[in-house]
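Engineer: In order, the protein sequence lines correspond to chains A and B.
Each residue of the first sequence is one higher than the one before, counting from 2 in my numbering.
Each residue of the second sequence is one higher than the one before, counting from 2 in my numbering.
If you are wondering where the hints come from, they were derived from the structure by calculation, not from laboratory data.
Do not take every clue at face value.
As the list claims (entries may be wrong) - Just the calculated beta-carbon pair ranges, DEER-fashion:
#	chain 1	residue 1	chain 2	residue 2	range
1	B	452	A	9	48 to 54 Å
2	B	167	A	9	23 to 29 Å
3	B	96	A	34	17 to 23 Å
4	B	452	A	177	54 to 60 Å
Said to hold, decoys possible - Quick list of in silico lysine-lysine cross-link-like pairs, DSS-like style, CA-CA up to 25 Å:
#	chain 1	residue 1	chain 2	residue 2
5	B	434	B	91
6	A	112	B	226
7	B	410	A	9
8	A	51	B	91
9	B	226	B	254
10	B	434	B	89
11	B	453	B	410
12	A	51	B	89
13	B	532	B	504
14	B	259	A	112
15	B	453	B	504
16	A	51	A	76
17	A	112	B	254
18	B	504	B	531
19	B	415	B	453
20	B	415	B	504
Unchecked claim - One side only, chain A facing chain B, incomplete, derived with CB under 7 Å:
#	residue
21	132
22	184
23	197
Remember, it's a predicted structure, so these values are computed and weren't measured experimentally.
Glycine is no exception: its CB is placed at the ideal position from the N, C-alpha and C atoms.
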Amino acid sequence: MSRELVFKRIRQALQNGGEDTSATGAPSTWEYGRPTAVADPIGLFIERIKDYRAVVLRTPGVEEVPLLIASCLAKAQATSVVVPVGFDEAWIRTAALAGIELYRDEPPLSKQELDGISAVVTTATSAMAETGTIALDHRSGQGRRILTLLPDTHVCVIRIDQIVSDVPESMALLKTSIQAGLPITLISGPSATSDIELTRVEGVHGPRNLYVIVVG
Amino acid sequence: MTDARRSTQTSVRSPQHSERSGQMRDTHRSASTCDAQHSAQTRGRRTPAPPPDPLLESLPFPLAARQLLQNQQLRANLRHATHTIRSKRKSVVAELPHWEELRSAGAAMKDRALCSLDSYLEQLEANLIQNGAQVHWASDAAEAQRIVTCLIKAHGVDEVVKIKSMVTQEIELNEALEAEGIAAWETDLAELIVQLGHDRPSNILVPAIHRNRDEVREIFLREMKLYGQAAPDDLDNDPEDLAACARNHLREKFLRAKVALSGANFAVADTGTLVIVESEGNGRMCLTLPDVLISITGIEKVIPTVEDLEIVLQLLPRSSTGERMNPYTSMWTGVTPGDGPQEVHVVLVDNGRTRVLADPIGRAALRCIRCAACMHICPVYERVGGHAYGSVYPGPIGSVLTPQLRGLKSVLDKSLPYASSLCGACAEVCPVKIPLPDLLLHLRRRVVDEVKRRHVGLEQTAMRCVGWVMGSGRRFGLVGRLAGWTRIFIRRDFITHLPWLGKRWTARRDMRMPARVSFRRAWRRRARDKK
Numbered sequence: 002m003s004r005e006l007v008f009k010r011i012r013q014a015l016q017n018g019g020e021d022t023s024a025t026g027a028p029s030t031w032e033y034g035r036p037t038a039v040a041d042p043i044g045l046f047i048e049r050i051k052d053y054r055a056v057v058l059r060t061p062g063v064e065e066v067p068l069l070i071a072s073c074l075a076k077a078q079a080t081s082v083v084v085p086v087g088f089d090e091a092w093i094r095t096a097a098l099a100g101i102e103l104y105r106d107e108p109p110l111s112k113q114e115l116d117g118i119s120a121v122v123t124t125a126t127s128a129m130a131e132t133g134t135i136a137l138d139h140r141s142g143q144g145r146r147i148l149t150l151l152p153d154t155h156v157c158v159i160r161i162d163q164i165v166s167d168v169p170e171s172m173a174l175l176k177t178s179i180q181a182g183l184p185i186t187l188i189s190g191p192s193a194t195s196d197i198e199l200t201r202v203e204g205v206h207g208p209r210n211l212y213v214i215v216v217g
Numbered sequence: 002m003t004d005a006r007r008s009t010q011t012s013v014r015s016p017q018h019s020e021r022s023g024q025m026r027d028t029h030r031s032a033s034t035c036d037a038q039h040s041a042q043t044r045g046r047r048t049p050a051p052p053p054d055p056l057l058e059s060l061p062f063p064l065a066a067r068q069l070l071q072n073q074q075l076r077a078n079l080r081h082a083t084h085t086i087r088s089k090r091k092s093v094v095a096e097l098p099h100w101e102e103l104r105s106a107g108a109a110m111k112d113r114a115l116c117s118l119d120s121y122l123e124q125l126e127a128n129l130i131q132n133g134a135q136v137h138w139a140s141d142a143a144e145a146q147r148i149v150t151c152l153i154k155a156h157g158v159d160e161v162v163k164i165k166s167m168v169t170q171e172i173e174l175n176e177a178l179e180a181e182g183i184a185a186w187e188t189d190l191a192e193l194i195v196q197l198g199h200d201r202p203s204n205i206l207v208p209a210i211h212r213n214r215d216e217v218r219e220i221f222l223r224e225m226k227l228y229g230q231a232a233p234d235d236l237d238n239d240p241e242d243l244a245a246c247a248r249n250h251l252r253e254k255f256l257r258a259k260v261a262l263s264g265a266n267f268a269v270a271d272t273g274t275l276v277i278v279e280s281e282g283n284g285r286m287c288l289t290l291p292d293v294l295i296s297i298t299g300i301e302k303v304i305p306t307v308e309d310l311e312i313v314l315q316l317l318p319r320s321s322t323g324e325r326m327n328p329y330t331s332m333w334t335g336v337t338p339g340d341g342p343q344e345v346h347v348v349l350v351d352n353g354r355t356r357v358l359a360d361p362i363g364r365a366a367l368r369c370i371r372c373a374a375c376m377h378i379c380p381v382y383e384r385v386g387g388h389a390y391g392s393v394y395p396g397p398i399g400s401v402l403t404p405q406l407r408g409l410k411s412v413l414d415k416s417l418p419y420a421s422s423l424c425g426a427c428a429e430v431c432p433v434k435i436p437l438p439d440l441l442l443h444l445r446r447r448v449v450d451e452v453k454r455r456h457v458g459l460e461q462t463a464m465r466c467v468g469w470v471m472g473s474g475r476r477f478g479l480v481g482r483l484a485g486w487t488r489i490f491i492r493r494d495f496i497t498h499l500p501w502l503g504k505r506w507t508a509r510r511d512m513r514m515p516a517r518v519s520f521r522r523a524w525r526r527r528a529r530d531k532k
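With these hints in hand, go ahead and build the complete structure from the sequences.
Structural biologist: Shown next as structure tokens:
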């Protein structure tokens, strides 16, 4: 049984060096979940995610969200859009009226169907200012993982109270989702590669366009 | 067969797929033929053949390095790549005032995991199973290959998609699958270029750094049509068009794939969560689209708690690609009902890691999170590139990890701890504070001890002679005087060519002639003159 063999080897190996302290657990003074001092998290978030060449739009209230979604989809030349289960459909009405074909993921769409849809609109769980990162835990309104993957344009709506300073603060918020077994996706700009001559190219496999609507 | 631990949810829950029953029949048929595997396959290859076994892999480092240094193009590309990534890393690291604190936290956290590796692995296993994953254990590469092959065959497929993973390269999984008639497709752009180009990766972060855009275009035009969606005839050499071409070629494979293979950047013990950090989205495709996901991961990838992710998620992207955060990070905990693969396997691989763990000093190498910062800062790596290290792990970390994983047996492995000038730059950039120069010295000592135990070599004899001479002031003075006499025969100040064994010294540097008058005599004379 390889399992027993591996465990036996580990225990023997650890006995070998029980006394040596060069590589044993040094006490860490790290404080987990600590917010980083950031003067203006919202401004920093917008600046940083723009750095990844995502398009950011800001609106003071939810009233304008439907219009902004419609304009993002128009800018991306989307002809069809999918919305996750639990997404506020009032937000998508303007786009639908403008002639963009609307799909709901209920019952779940197939891979092939999703591959043919040009855009997706979702909400998010939280966002990190320092790194310009959006976190999804794929609960209601954020959709299955595949929804934000196959369509070429992703429009993400974030409330300002969801924007926190940095990775630790955001990970502390995501902890309960992870413990509940939910999958997590962290998104920092559109998919990118620098594999050919270190030239950065936006958009390889994931959505090539990322639009972020910041509300509040 | 394998130590497949029963999960609480072994049955595949995906009733909407009508072809499922057909697949289940396949499962039984191929499971029975699985033991008779590794039979020689006579049919043609399913994927492009890698280059014939390169001579370099068996050469000791200095000889391999000498050959590679001749390649001017490779050196120019490597210089450009290492310097670009170095400066990007430097600027994003400078943004974090608490960087040093983070590094210490990373080192302490990894040490904590390694020092109780057995209990964290038990915890990881229990949490994976509780969340519907199936856990397998592989003590070596051959066993890992066997487990993965059997799992793939059980689903009756002959094609899988893959996320770039160091451990699958280490266990040479692709070729093992090829021998079983299974095509494993690399989906990372650079790895695809390498695979289609019948080539080997030259850098762990930018594996195709030795190829320029024209070569990539040629490879795509020539090879893609043989294995799927062809490249358009009017393909440009613009990186953007080349990336779009790869997107189309692979999209077909992603949508078709039933089984995906991945590694894992981190495995969280207290939740059973695996983490993949990537840029292109090919990882998300592999983790989300297929029905079955098989993740192969080294046992040292375990981290104690979900909180610890905040440390490594800050350390890794800044150290490796020099970004504040990589475009995509995926975390999954076993099976998520209704979302992604409904059958999830995790193969935990030892393959020498416990051997590294057994050395209380050498085990610090297991902290490594594979960021490649030590390579990109290394003056040796910058000049010779990855191939000279004869392993999938090049650079300073390769020099300490490879010999320990494989057991310091071959000539190559014994030469690796010497593939460094001990300048220490690697230790300064390492995000988990691996004391690389200390480990290199430690391994040099192990190599020498090994040699000493076996036989008394020329070096030992020479050193013993020197020890005898230097053991007494009289003898040392006498030899100094004798050395001065050589000046009578040789008039020059430098020796540029020594014969026989001495050539190994003078091949790279000139040797100064011994002084006409030794220091000891000069000192005595000076004291006399003063009086």
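Engineer: Do residue 96/B and residue 34/A keep their Cβ atoms within the hinted range of 17 to 23 Å?
Structural biologist: Given a distance of about 20 Å, which is inside 17 to 23 Å, the answer is holds.
Engineer: Regarding the pair residue 410/B and residue 9/A, is the alpha-carbon distance no greater than 25 Å?
Structural biologist: With Cα atoms ~23 Å apart, residue 410/B and residue 9/A stay inside 25 Å; holds.
Engineer: Should the interface hint for residue 197/A be scored as holding, given a Cβ-Cβ cut-off of 7 Å against chain B?
Structural biologist: It holds, given that the least Cβ distance between residue 197/A and chain B is near 4 Å, below 7 Å.
Engineer: With a cut-off of 25 Å on the C-alpha distance, tell me whether residue 259/B and residue 112/A pass.
Structural biologist: holds (12 Å)
Engineer: Run the distance test for residue 504/B versus residue 531/B: straight-line Cα separation, threshold 25 Å.
Structural biologist: violated (43 Å)
Engineer: Quickly compare the C-alpha distance for residue 51/A and residue 89/B to 25 Å and report which way the hint goes.
Structural biologist: This hinted pair holds, its Cα atoms lying about 18 Å apart.
Engineer: Within a Cα-Cα threshold of 25 Å, do residue 415/B and residue 504/B meet the stated pairing?
Structural biologist: Judged against 25 Å, a Cα distance of about 22 Å means the pair holds.
Engineer: Going by Cβ atoms only, is residue 132/A closer than 7 Å to chain B?
Structural biologist: At about 4 Å, which falls below the 7 Å cut-off, the nearest Cβ of chain B leaves the hint on residue 132/A intact, so it holds.
Engineer: Does residue 434/B pair with residue 89/B here, judged by a C-alpha cut-off of 25 Å?
Structural biologist: holds (20 Å)
Engineer: Honestly, do residue 167/B and residue 9/A meet the 23 to 29 Å range at C-beta?
Structural biologist: holds (26 Å)
Engineer: Is residue 532/B close enough to residue 504/B, meaning Cα to Cα at most 25 Å?
Structural biologist: Judged against 25 Å, a Cα distance of about 45 Å means the pair is violated.
Engineer: Compare the distance between the alpha carbons of residue 112/A and residue 254/B with 25 Å, and conclude whether the hinted pair is satisfied.
Structural biologist: Answer holds: residue 112/A to residue 254/B is near 12 Å, not above 25 Å.
Violated hints, in rising order: 1, 13, 18; the structure is consistent with all others.
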